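> Next come the chains, spelled out residue by residue.
2 protein chains.
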Amino acid sequence: MPSSSRIYSAALVVIGDEILSGRTHDKNIAQVASWLQVQGIRLREVRVVADDTPAIVEAVNTLRARNDYLFTTGGIGPTHDDITVDAIAEAVGVPVIVHPDARAILERYYDTRGGLTAARLRMARTPEGASLIPNRYTGAPGIRYGNIFIMAGVPSITAGMLDALSGELEGGAPLLSETIGCWVGESDVADLLRETEKAFETCQIGSYPFWAEGKTGANFVIRSVNAEDLAACTRALMRELEGMGKPAVPGGI
Amino acid sequence: MPSSSRIYSAALVVIGDEILSGRTHDKNIAQVASWLQVQGIRLREVRVVADDTPAIVEAVNTLRARNDYLFTTGGIGPTHDDITVDAIAEAVGVPVIVHPDARAILERYYDTRGGLTAARLRMARTPEGASLIPNRYTGAPGIRYGNIFIMAGVPSITAGMLDALSGELEGGAPLLSETIGCWVGESDVADLLRETEKAFETCQIGSYPFWAEGKTGANFVIRSVNAEDLAACTRALMRELEGMGKPAVPGGI
Numbered sequence: 001m002p003s004s005s006r007i008y009s010a011a012l013v014v015i016g017d018e019i020l021s022g023r024t025h026d027k028n029i030a031q032v033a034s035w036l037q038v039q040g041i042r043l044r045e046v047r048v049v050a051d052d053t054p055a056i057v058e059a060v061n062t063l064r065a066r067n068d069y070l071f072t073t074g075g076i077g078p079t080h081d082d083i084t085v086d087a088i089a090e091a092v093g094v095p096v097i098v099h100p101d102a103r104a105i106l107e108r109y110y111d112t113r114g115g116l117t118a119a120r121l122r123m124a125r126t127p128e129g130a131s132l133i134p135n136r137y138t139g140a141p142g143i144r145y146g147n148i149f150i151m152a153g154v155p156s157i158t159a160g161m162l163d164a165l166s167g168e169l170e171g172g173a174p175l176l177s178e179t180i181g182c183w184v185g186e187s188d189v190a191d192l193l194r195e196t197e198k199a200f201e202t203c204q205i206g207s208y209p210f211w212a213e214g215k216t217g218a219n220f221v222i223r224s225v226n227a228e229d230l231a232a233c234t235r236a237l238m239r240e241l242e243g244m245g246k247p248a249v250p251g252g253i
Numbered sequence: 001m002p003s004s005s006r007i008y009s010a011a012l013v014v015i016g017d018e019i020l021s022g023r024t025h026d027k028n029i030a031q032v033a034s035w036l037q038v039q040g041i042r043l044r045e046v047r048v049v050a051d052d053t054p055a056i057v058e059a060v061n062t063l064r065a066r067n068d069y070l071f072t073t074g075g076i077g078p079t080h081d082d083i084t085v086d087a088i089a090e091a092v093g094v095p096v097i098v099h100p101d102a103r104a105i106l107e108r109y110y111d112t113r114g115g116l117t118a119a120r121l122r123m124a125r126t127p128e129g130a131s132l133i134p135n136r137y138t139g140a141p142g143i144r145y146g147n148i149f150i151m152a153g154v155p156s157i158t159a160g161m162l163d164a165l166s167g168e169l170e171g172g173a174p175l176l177s178e179t180i181g182c183w184v185g186e187s188d189v190a191d192l193l194r195e196t197e198k199a200f201e202t203c204q205i206g207s208y209p210f211w212a213e214g215k216t217g218a219n220f221v222i223r224s225v226n227a228e229d230l231a232a233c234t235r236a237l238m239r240e241l242e243g244m245g246k247p248a249v250p251g252g253i
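Residue numbers (UniProt numbering), protein chains in the order written: chain V, 1 to 253; chain U, 1 to 253.
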């Protein structure tokens, strides 16, 4: 159950040289963001940092202090460039241990897959005092330490870990949203958007222009924690657009 | 021409509630990252922040101080949620003005498109002392102020602005890379990767696992500013994989 009207916030640290080099297109930002919305938790900031201990430590310590939850993706595999666990242990000031439950999980998983080598055993290492986040795909678990959630970089594995955490974290009232699309230039409705937002105190309106079929259009996203205000604000905006001869499409274009 | 062996660094601030809500999948991180590689500039850190002045000011001031270049994307359109120019002017401590050249560009662009309304004129606003980055698609220019490059959020427009900046920024020797792919579990080659990296001082090896066709594989990306070392390291790694009965595929899988 959402508890009161307190706003719960989260940050995400995406760890990996491959994102900063442009080689890999990140998919975890959007995935974690969408999942957090459903949990009633606001994603406040994302940082993408290199496979570099000081950079990870700085980002983790800054963001865990000012958010209810901190998520990380990437750098928890078996190879030498997977330094996330060590960097986070350093950030929180505890040693790295081999977690007995993680070791048992990996022993079972690799039993029929060539055995638990030293490299694979790296994936059982956690900051001391951590608990595990199940990974149904490859055995190697994610890690929870305090308000920090350490997850895989491979998006399908991250998805499984998020699924395992669904409903587990305390969140506030989820931010609701409505999207409407309209074949209108956003500069033609800038005043209308500002005035409509001002008229509905709990609502925010975002404007996202696009060009398609040789025409200018925009989607407008109205957000609020209050379902009634959200509906009223959306109706008001649609009525005004209709009045301009620019009927809007519910759900967006 | 690349000047000496100094390393040039950049950071990117992606500005927009729509990324943090998960509604829009960011494409600018990968696009800016790839473009910077070609310019011989390393992308060191990315931050995604909300349409929120204090958040933008903090990210911009921290990152512009510790990098040669700072790029931003998003928040420079005509609507009320486009606050990037004001926030950056606040960050650098100068007023916002209507830039005469930007105004002239927009007047020409909107001459046959309904005229330059007050909302559209917002897109001619810059921090005082800024110069413009051409935008061939929609008139509204990007903005350069000192080492800060303020660009659009719509990826196709950002692409045009980056294109206009190509070759304009001083960069160092570009970081070269080779990719090889192999049907091998990365945990089976963790030691090999670490030892190979150690043997070639100027090289870094990244390991990126995947699952496809029911099998485990990984791409290995070798990076160096030294072309000879890069070639030698790649050859050495391929030879070792071949020796394990796991021949690698040049270019990756």
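Be aware that one or more of the hints could be misleading.
Restricting the straight-line Cα-Cα distance to at most 35 Å, the calculated cross-link-like pairs of lysine-lysine (DSBU-like) are [claimed, not checked]:
{"id": "1", "chain 1": "V", "residue 1": "Lys215", "chain 2": "U", "residue 2": "Lys246"}
{"id": "2", "chain 1": "V", "residue 1": "Lys198", "chain 2": "U", "residue 2": "Lys215"}
{"id": "3", "chain 1": "V", "residue 1": "Lys215", "chain 2": "V", "residue 2": "Lys27"}
{"id": "4", "chain 1": "U", "residue 1": "Lys215", "chain 2": "V", "residue 2": "Lys215"}
{"id": "5", "chain 1": "U", "residue 1": "Lys215", "chain 2": "U", "residue 2": "Lys27"}
{"id": "6", "chain 1": "V", "residue 1": "Lys27", "chain 2": "U", "residue 2": "Lys215"}
{"id": "7", "chain 1": "U", "residue 1": "Lys198", "chain 2": "U", "residue 2": "Lys246"}
{"id": "8", "chain 1": "V", "residue 1": "Lys246", "chain 2": "V", "residue 2": "Lys198"}
{"id": "9", "chain 1": "U", "residue 1": "Lys215", "chain 2": "U", "residue 2": "Lys246"}
{"id": "10", "chain 1": "U", "residue 1": "Lys27", "chain 2": "V", "residue 2": "Lys198"}
{"id": "11", "chain 1": "V", "residue 1": "Lys246", "chain 2": "V", "residue 2": "Lys215"}
{"id": "12", "chain 1": "U", "residue 1": "Lys198", "chain 2": "U", "residue 2": "Lys215"}
{"id": "13", "chain 1": "V", "residue 1": "Lys246", "chain 2": "U", "residue 2": "Lys27"}
{"id": "14", "chain 1": "U", "residue 1": "Lys246", "chain 2": "V", "residue 2": "Lys198"}
{"id": "15", "chain 1": "V", "residue 1": "Lys198", "chain 2": "V", "residue 2": "Lys215"}
Derived by calculation from the structure, the hints in this document are not laboratory data. Keep in mind the model is a prediction, meaning the values are calculated, not measured.
> Look at each hint and say if it fits the structure.
Results for each hint:
1. With a C-alpha separation of about 52 Å, the suggested pair Lys215(V) and Lys246(U) falls outside the 35 Å cut-off, and the hint is violated.
2. With a C-alpha separation of about 55 Å, the suggested pairing of Lys198(V) with Lys215(U) is violated against the 35 Å cut-off.
3. Simply put, Lys215(V) and Lys27(V) have alpha-carbon atoms about 29 Å apart, close enough for the 35 Å limit, and the pair holds.
4. Simply put, Lys215(U) and Lys215(V) have alpha-carbon atoms about 45 Å apart, too far for the 35 Å limit, and the pair is violated.
5. Annotation: proposed proximity of Lys215(U) to Lys27(U) holds, straight-line Cα distance about 29 Å (limit 35 Å).
6. Taking the CA atoms of Lys27(V) and Lys215(U), the gap is near 22 Å; set against the 35 Å cutoff, the hint holds.
7. Between Lys198(U) and Lys246(U) the CA atoms are separated by roughly 21 Å; this keeps the pair inside 35 Å, and the hint holds.
8. Restraint check for Lys246(V) and Lys198(V): the C-alpha separation of about 21 Å stays at or below 35 Å, so the hint holds.
9. About 13 Å separates the Cα atoms of Lys215(U) and Lys246(U), which keeps this hinted pair within 35 Å; it holds.
10. Only pairs whose Cα atoms come within 35 Å are accepted, and Lys27(U) paired with Lys198(V) is accepted, the gap being roughly 31 Å.
11. For a cut-off of 35 Å, the pair hint linking Lys246(V) to Lys215(V) stands: about 13 Å separates their Cα positions.
12. The suggested pairing of Lys198(U) with Lys215(U) holds, with an alpha-carbon distance near 29 Å, which does not exceed 35 Å.
13. The straight-line distance between the Cα atoms of Lys246(V) and Lys27(U) is roughly 29 Å, inside the 35 Å bound, and the hint therefore holds.
14. At most 35 Å may separate the alpha-carbon atoms for a hinted pair to count; Lys246(U) and Lys198(V) exceed this at roughly 63 Å.
15. For the proposed pair Lys198(V) and Lys215(V), the alpha carbon gap of about 29 Å is at most 35 Å, so the pair holds.
Hints 1, 2, 4, 14, counting from the list given before, are not met by this structure.
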